[in-house]
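There are 2 protein chains.
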Amino acid sequence: MLFDNKEGEVDLFWLLLIMLVVLVVARFPGELMERIGQASILGELIAGVVLGIIIFYFGGHFSGLIDVFDSEAFKFIAYLGIFFLMFMAGMEMEVEQLMKASKKGLLIALGGVILPLGWGFGLGWLYLPDSEYKLVQALFIGIALSITAIAVSARVLMDLKQIHTKIGYTIISAAVIDDIIGLSLLAVLTSFLELGRVPSGGELFILIAKVFGFFIFVVLMGKLIIPRIGAKLLRTKSKELEFTIALAIAFMLGVIAEYLGMHFIIGAFVAGLLIREKVFGAKVVKDIKERVSGITFGFLAPIFFVSIGLHLDFSALGLALPFMLILILVAILSKVIGCGLMARLSKFSTRESLAIGVGMNGRGALELIVAAVALEAGLFAYPVPTPPVVVAIFSSVVIMAIVTTLMTPIGLKLLLKSTPELKKK
Amino acid sequence: MLFDNKEGEVDLFWLLLIMLVVLVVARFPGELMERIGQASILGELIAGVVLGIIIFYFGGHFSGLIDVFDSEAFKFIAYLGIFFLMFMAGMEMEVEQLMKASKKGLLIALGGVILPLGWGFGLGWLYLPDSEYKLVQALFIGIALSITAIAVSARVLMDLKQIHTKIGYTIISAAVIDDIIGLSLLAVLTSFLELGRVPSGGELFILIAKVFGFFIFVVLMGKLIIPRIGAKLLRTKSKELEFTIALAIAFMLGVIAEYLGMHFIIGAFVAGLLIREKVFGAKVVKDIKERVSGITFGFLAPIFFVSIGLHLDFSALGLALPFMLILILVAILSKVIGCGLMARLSKFSTRESLAIGVGMNGRGALELIVAAVALEAGLFAYPVPTPPVVVAIFSSVVIMAIVTTLMTPIGLKLLLKSTPELKKK
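In the order they appear, the protein sequences are chains S and R.
Going by the working numbering, the first sequence opens with residue 1, and the numbers climb by one from there.
Going by the working numbering, the second sequence opens with residue 1, and the numbers climb by one from there.
Worth double-checking, as some hints may not be accurate.
Below 27 Å or equal to it, Euclidean Cα-Cα: the simulated DSSO-like pairs (lysine-lysine) are [unchecked claim]:
no., chain 1, residue 1, chain 2, residue 2
1, R, K413, S, K286
2, S, K286, R, K104
3, R, K289, S, K289
4, S, K289, S, K161
Simulated from the structure, these hints should not be mistaken for laboratory data.
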């Protein structure tokens, strides 16, 4: 049977009802945010997470409701949400932008990776209990702190009409580099987890070789195959075909990434990088983006945000409250100082440097994805019995992501609105 | 865990790989069809079904592959495919068009329902074994024969530049009425199946009252609530919001339809009817359609078509070959004669009447949906042990849908291209 309710599979009625509730509850705060000049993803993200929490604590009263969230179908939809979010994130970046990233952008990006990575790793090493997984867990915290949400910063900079200024340009290009480094590290981390233990020297070499091999394959594909597809596509007029080809590229790279022991989101992300205006033409890329954006933000992403909220564990957070607070503090300080210092060294003014640091501080949805990937890989389940601080890593990182994401627009507005000396590019 | 491969749930690698294969294999024949002047859905439908058959017969060689198709996640994606196909089908129809349907259109539509319904029911009654389900099974065959694929006919008429002629107009409006009657009957049928047996007089009354109640609710919603939402929507500029609201309406009506014991596809379909240009404005409807069309035809529908192919049972078909052949013959004759005769009575020429009959004969994807709904409801599983002819109903109806859908463009081209006496409207 195609979809049989009677054999204990998820009840379709509840599944539809939940998707309806998620759409209405998580989307409208997004619109509200947009109207008060914030990035809509912020409202969606918060509403989704809060809804997830509410369902988790009160959903037990409705039989069938919790079953839906435990169902493979719901999880898969949330997963597709991650897939499309990553694909979208990749498309939002133009590789050209990245290539043109000035020495300054690169320096600031390095500051925004090295400090959070090191401090995060150190924090983990100090707080986490000894186990086979301690190294990987500490590494995860470091990676989680290195992420920068491009979408939120870009949106705020656009609103402030600062996106085409030197500061805006620097923030975006540094953020792009940070995320690519962060995701490459995540690829290595997932490979560790796939292996089930910290790898030996030889294994580590193979893992890193695989990650590099994958990126080289992607670059070759971008140079040799994609332009041919792009040229053909420019001649057709079917918008469905454009969308299908873009999706097929994303699924293909996702499959290859999975096959190589990395995570499929890496594939979705680099697929997004390959969908470039230079190759496909501005019109085609715009069409594809519109469709992906519709299905992502209008449908799948809110469901993913809810699934994140469902996994927040407040009892563990309560037991590991100091850890969470320190994590948030370290996250903010390491990014702001790491990026700000490099900006100051690159001859930006102190206020500009602070603005750059604040602009790089938001973690956004990408952080939630990184956390979900680690959760799913079972990173927070060791040692057994699991101490609260390990259980709390996931929830702490999610709350850190929300806090830093909320801070970005507020901080940027304060710093940039009152900055008359900003040099136009 | 969010999505754990280790606990026996579906393997994500295979799921992504299959979606990739489905996208590539099922979509490109669709494009090919479009290039040789056929409706692309035809290529997709056939390629999907053939792919499903291939996987069914050869998939056993790949461990994990069959698990994917049995997984809730795959079924749910196929199900979403149905949902969006129905939503799209509803949007393709403008209620205004329907209201303006001339007496002629109505007459032809009635001919196209009554004859197929009666003959189909009679065929079922003759061939099917006695059981509690015989009446409902025979009714299903009747309903299956009454369906008309609007999308295919519309596409062919557009290609032949006949869509705005009297003949094109008549075919489309009659097809719309046929599908609405067919889907209303399906709603009653699903209510029967929900009940698990043929209802008593009182129960039948309640069922029909529910169906009518639902449609009255939808009409009221269309008159009172939707215009307000539409007016608000015209003032915002967020395309994601448009898409979300359209989706929310569809999910809401789907949930209500399910709750009332009808099928959620009825809700999706009427939701599509409510997304009208008159209310939302041409621009908004175009945006919504583009997004729904992208996600439907570029992603979900091909997966649904494959799932149909997976359920084709050739051994049963072999044992019940005469039944299938007679079913196809009755399907063609009842539609062509039913519609053609009424057209002739409405003072169309003989050739025009034949063209109208042929134009109404294609069943398209809607038939596959109707068949999938009946399959899922367990209609073809009684009596136990199930005789081949009952098992073969599903496969026969699917093959009938494909044959009649293939015939439509060929027949219409032959009849209309050589018709110089066609009156322009």
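Here is what the structure says about each hint:
{"no.": "1", "hint": "R:K413 x S:K286", "in the structure": "36 Å, violated"}
{"no.": "2", "hint": "S:K286 x R:K104", "in the structure": "44 Å, violated"}
{"no.": "3", "hint": "R:K289 x S:K289", "in the structure": "16 Å, holds"}
{"no.": "4", "hint": "S:K289 x S:K161", "in the structure": "22 Å, holds"}
Checked against the numbered hints above, the structure breaks hints 1, 2 and satisfies the rest.
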